[in-house]
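2 protein chains.
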Amino acid sequence: MIKHALSVTRDGDFAQWYQTVVAEADMAEESGVRGCMVIRPWGYGIWERIQRLLDDRIKATGHENCYFPLFIPLSYFEKEAEHVDGFAKEMAVVTHHRLVADGKGGLVPDPEAKLEEPLVVRPTSETVIGTAFARWVQSWRDLPVLINQWANVVRWEMRTRMFLRTAEFLWQEGHTAHASADEAREEMQRMLEVYRSFAEDDLALPVIAGEKPENERFPGAVATYSIEAMMQDGKALQAGTSHFLGTNFAHAQGIRFQNAEGELEFANTTSWGVSTRMIGGIIMVHGDDDGLRVPPKIAPWQIVIVPMLRDQPEDEAIVDYCRGLQGELAKLSALGEPVRALLDLKQAKAANKRWGWVKKGAPIVIEVGGRDVAGGNVSVLRRDRLYREDGKLDSRVIARDDFVGAAAALLEEIQSGLHAEARARLEANITRVDDWAGVEAMFVESAAKPGWADVAWSRPTGAALDQVVERLKALKLTIRNAPVDQGATDGACIFTGTPAVERVLIGRAY
Amino acid sequence: MIKHALSVTRDGDFAQWYQTVVAEADMAEESGVRGCMVIRPWGYGIWERIQRLLDDRIKATGHENCYFPLFIPLSYFEKEAEHVDGFAKEMAVVTHHRLVADGKGGLVPDPEAKLEEPLVVRPTSETVIGTAFARWVQSWRDLPVLINQWANVVRWEMRTRMFLRTAEFLWQEGHTAHASADEAREEMQRMLEVYRSFAEDDLALPVIAGEKPENERFPGAVATYSIEAMMQDGKALQAGTSHFLGTNFAHAQGIRFQNAEGELEFANTTSWGVSTRMIGGIIMVHGDDDGLRVPPKIAPWQIVIVPMLRDQPEDEAIVDYCRGLQGELAKLSALGEPVRALLDLKQAKAANKRWGWVKKGAPIVIEVGGRDVAGGNVSVLRRDRLYREDGKLDSRVIARDDFVGAAAALLEEIQSGLHAEARARLEANITRVDDWAGVEAMFVESAAKPGWADVAWSRPTGAALDQVVERLKALKLTIRNAPVDQGATDGACIFTGTPAVERVLIGRAY
Chain A
1 MIKHALSVTR DGDFAQWYQT VVAEADMAEE SGVRGCMVIR PWGYGIWERI QRLLDDRIKA
61 TGHENCYFPL FIPLSYFEKE AEHVDGFAKE MAVVTHHRLV ADGKGGLVPD PEAKLEEPLV
121 VRPTSETVIG TAFARWVQSW RDLPVLINQW ANVVRWEMRT RMFLRTAEFL WQEGHTAHAS
181 ADEAREEMQR MLEVYRSFAE DDLALPVIAG EKPENERFPG AVATYSIEAM MQDGKALQAG
241 TSHFLGTNFA HAQGIRFQNA EGELEFANTT SWGVSTRMIG GIIMVHGDDD GLRVPPKIAP
301 WQIVIVPMLR DQPEDEAIVD YCRGLQGELA KLSALGEPVR ALLDLKQAKA ANKRWGWVKK
361 GAPIVIEVGG RDVAGGNVSV LRRDRLYRED GKLDSRVIAR DDFVGAAAAL LEEIQSGLHA
421 EARARLEANI TRVDDWAGVE AMFVESAAKP GWADVAWSRP TGAALDQVVE RLKALKLTIR
481 NAPVDQGATD GACIFTGTPA VERVLIGRAY
Chain B
1 MIKHALSVTR DGDFAQWYQT VVAEADMAEE SGVRGCMVIR PWGYGIWERI QRLLDDRIKA
61 TGHENCYFPL FIPLSYFEKE AEHVDGFAKE MAVVTHHRLV ADGKGGLVPD PEAKLEEPLV
121 VRPTSETVIG TAFARWVQSW RDLPVLINQW ANVVRWEMRT RMFLRTAEFL WQEGHTAHAS
181 ADEAREEMQR MLEVYRSFAE DDLALPVIAG EKPENERFPG AVATYSIEAM MQDGKALQAG
241 TSHFLGTNFA HAQGIRFQNA EGELEFANTT SWGVSTRMIG GIIMVHGDDD GLRVPPKIAP
301 WQIVIVPMLR DQPEDEAIVD YCRGLQGELA KLSALGEPVR ALLDLKQAKA ANKRWGWVKK
361 GAPIVIEVGG RDVAGGNVSV LRRDRLYRED GKLDSRVIAR DDFVGAAAAL LEEIQSGLHA
421 EARARLEANI TRVDDWAGVE AMFVESAAKP GWADVAWSRP TGAALDQVVE RLKALKLTIR
481 NAPVDQGATD GACIFTGTPA VERVLIGRAY
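Chains A and B supply the protein sequences, listed in that same order.
Quick note: the first sequence uses full-length UniProt numbering, first residue 1, plus one each step.
Quick note: the second sequence uses full-length UniProt numbering, first residue 1, plus one each step.
Treat the hints as calculated values from the structure; they're not laboratory data.
Glycine is no exception: its CB is placed at the ideal position from the N, C-alpha and C atoms.
Careful, some of the hints might be misleading.
[Unchecked claim] No more than 25 Å apart at the CA atoms, straight line, and that leaves these computed lysine-lysine pairs for DSS-like:
#1 B/K59 x A/K79
#2 B/K79 x A/K346
#3 A/K89 x B/K114
[What the hints assert, rightly or not] Cβ-to-Cβ under 8 Å is the rule here; a few derived chain B residues that face chain A:
#4 F68
#5 L70
#6 S416
[Claimed, not checked] Computed Cβ-Cβ distance ranges for the label pairs, DEER-style:
#7 A/K104 x B/G462: 23 to 31 Å
#8 A/E412 x B/G405: 57 to 65 Å
#9 A/L345 x B/K79: 29 to 37 Å
#10 A/V108 x B/T61: 47 to 55 Å
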């Protein structure tokens, strides 16, 4: 039996396994500030890769980056009733702008420095960006406005979990204004597709893109679409959302323009976002019992070279050999970019370094000892195939030149292999279910990893939808989305028995 | 006489000119939130270039990026008395985590959701990062810790000015911990040099690196160094700082390690930062009466192609020609990177577009009309040499191939030309002054752009320093820094008459 690097397995306790990977892979840690985490170098390095690759896609679709204030006056929120209802319960509020000594050696907010109007720490920026749009847009010629921002936001969550749900998180939020509802809907779909292809191609994260049901819409939206990823415990993670806001926010913020006929119209707006939550999804989709496996496209370091040093004179030759190797690898190009190769010269035992990089999930770890130098070889460890069939570590001695010649292709193979593995698991764990009894059977208490049910429904609204939501809630289920990629639907709604209009995915979720 | 693009000149009203450039170059605008600005696409694009280039330098010197919480519990601040004294007067304080209806259609902070311990919105992160360092550092083997963070910070300034002084601003803050004071001082110097060379080489911003006097130290620091740039009105802008914190924060946060001999020691720490303030400096150093001039290395677009369209069938050929040109330029490399060329296809008059790009300061604007297409030419406008001697716009018709062949060298010439111009101005406006009467004469009320005085002093401390500071304050002057690059000093201190130990620069400042 294989002795894995982590003290807990996915099958043993998935939640505990997740926390262990977050810690052991140097991703993040508790900060001491309630609900806020410290994102450590390896975790932040992955976020930087996500930023770089997604930002390129956002710019390629014509959007420009801006920066808007962290603080939003209360009055901005009051204008959009649904929106404020959705967020009021979890907003951090700044009320003072100065501290003063409390006379007991401590500090308190200075009562003399109370703000006239409290400021909310942005939970999302529709209101403050909409206010800017109202200034920017006068004529149809000013449209569309296509803006994105990379920022931190705060939602005061009661139960937090690293990356998945934190009081402060990092994200990008796109905001656009258009001359017509059709154009705005097109934009919403375009960005949904940007997210889908980014997740699949860059993160090796298979997702289902689709429309959220009415009860799961973003507060103030006319339609909300999402990409949903399946974790290894079968639960869903909403990994990105794209909203069509109609003219709701334009009415609240006064975004109006003169159309070509000289009439005043309200603009149609959209918003869309992806956050550090995505990193939680990467861990739960690609991790294994030895830690994280980072897809090469987003790995801060794709190839890590560990010299096996022994405090001997021959160490120098080993380090020289490794430097030469690093230089050769850095000249290569894989997955459309220069290869990122690190020479790990930290003061630590080579075996600890090796397992450190395995737990972090560097795609390829190269070990170089005196014997490798003498033979012109390297010892190669692929993170996606760590063990041989007999359970021993699959470290292979390869001629250095052969490895360098094959390295780019190997990284591409690892990227596509991780994707194929996750894609197969997603598909294997979506079950077509024909009636409510089938759903109940699938999600009985004892089911280990039930995955998602794919069911037909009639898209009920109002009270009828509330009933559906309640029935699902009793089984801890939610409707994830109605996939955009689906054929015609026939048969009956599993909830109401009336003719079905579309298929939706049902599952447990993070 | 030249008719310039802006309604106000630098000589006419420098402060008003600055605000005009910020607005007309599409850099930033008031947000409606007190003291906070909206950074618009061109301004944010320059910030993105700054981030990219400075981040490369920070990583090349061995630092890794992390992310720490926005909120800092009050108790973290109370531990370092000088530090909290320095910042308590300008901290935004979060006291509630929920809003509730006020019964009059509005919202108020929910009294039921008052935080037990108020949270400060970070004005700087020594305390929260130091707390993490205390967890990370146990042994000398864990040192040095070399961390950087890109983040927003808030300092509640009473008088704000776009980029130069805003309640919220963006910056990077580096934080490091070391086994010895010498090592930490070396780090402080290393990062000062990173800032100096970054400013000179990437921003074309000549600066003087040196040590701040005791009264200008960062709250809690043992030594503070800065880079100081000279604006076109002769005032100084502190454009970056690097601090040696000794063991002050290590004591407050408990950053201790076991040294090689097994004894417990406190770590020595540093911090260093550069902010969006830098953009204000770029405007005030490189701008002219036609707007901003962006050095090519940090220009979001280095070459902008404006097709002269007339709603005629021939428009299509012009756009095709421009696309081809853009493709050729994008294949070039200048200043170590691929050339960034934009084809501006916005719906607007070509003349308005031209002047828009002039005001934004794109280094090269190419105009293409039907005649250019027919002749295989382009019309080239260099932002650094906009007018001919006779005051007419210096737009030159050049064979397309010749322009493409020369474009990379031209960008490099513009970069070094802007630097040389600013460097010459800095040097011409530093005046060696031998006594206090000379300082008074130099900074009389009527002096237009007095620049800086270079004087010898005895580096007084305590009450003697206070007296110096008061004398300077009466003339609205401050000591900027004691340049690191200076020879031996002789003569007497201009303030005390005692033997001088170093030379310092004195000037008015932003």
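Now for the hints, and whether the structure bears them out:
1. B/K59 x A/K79: violated, 45 Å
2. B/K79 x A/K346: Not satisfied, since the Cα-Cα distance of roughly 33 Å exceeds 25 Å.
3. A/K89 x B/K114: holds, 12 Å
4. F68: holds, 5 Å
5. L70: Holds, about 5 Å.
6. S416: Given a least distance of 28 Å, the restraint on B/S416 is violated.
7. A/K104 x B/G462: 23 to 31 Å: Holds - the Cβ-Cβ distance for A/K104 and B/G462, about 30 Å, lies within 23 to 31 Å.
8. A/E412 x B/G405: 57 to 65 Å: With a Cβ separation near 36 Å, A/E412 and B/G405 fall outside 57 to 65 Å, so the hint is violated.
9. A/L345 x B/K79: 29 to 37 Å: holds, 35 Å
10. A/V108 x B/T61: 47 to 55 Å: violated, 41 Å
In this structure, the earlier hints numbered 1, 2, 6, 8 and 10 are contradicted, and the remaining ones agree with it.
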